[in-house]
Amino acid sequence: MSGSSDPQIVFDGDSLTAGAGSSGGCTYPNLTIQALGAPWGGYNLGVPGAGIGSLVSGAAANVDTKYNASHSKNIVILWAGSNDLANSSGQTATVYSAIQTFGNARKAVGWTVVIVSILPRTATNGSFETDRQSLATSLLGDFTGSTSDPNI
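In this note's numbering, the protein residues as written are 12 to 163.
Keep in mind that a hint or two might mislead.
[What the hints assert, rightly or not] Below are the DMTMM-like pairs computed for lysine to aspartate or glutamate, each with C-alpha atoms no more than 20 Å apart in a straight line:
no.: 1; residue 1: Lys118; residue 2: Asp75
no.: 2; residue 1: Lys77; residue 2: Glu140
no.: 3; residue 1: Lys84; residue 2: Asp17
Since the hints were made in silico from the structure, they are not lab data.
Hey, can you work out the whole structure from these sequences and the hints?
The following block contains the structure:
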């Protein structure tokens, strides 16, 4: 962070947020901050292997302590749930509820909340893609606008 009134973004999530598979600091949080340029700053709180439950339970201590009302913007981006869906079928409702809990609790603190949809991946269960699409549909149902993104 450069100044107390500068806008900030906090990135929370699993290994994709942490930067698994990236090199030279080319994580999506770093690239986002670079693209936004000064005066934006941020924190990458990504934890490889994290499940949505651990992110929700740790958010008050890990995310909310970064909130500062003097910043012109306080944005938190959550990209999580993939591990939960990949490791056990039928977790859509649980992941959806946890994402809602995370978002509502952060909004109550004052954060602007952004939820990133889960990407396709190889999973240990055969229902991952169906569960992923169901979760995306549920999340999109929370918004009044539509998307033309074919990757959700």
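Each hint, compared with the structure:
1. Using a Cα cut-off of 20 Å, the hinted pair Lys118 and Asp75 holds, with the two alpha carbons roughly 10 Å apart.
2. Taking the CA atoms of Lys77 and Glu140, the gap is about 34 Å. The hint is violated against a cut of 20 Å.
3. For the given pair, Lys84 sits about 7 Å from Asp17 by alpha-carbon distance, which is consistent with the 20 Å threshold.
Of the numbered hints listed earlier, the single one contradicted by the structure is hint 2.
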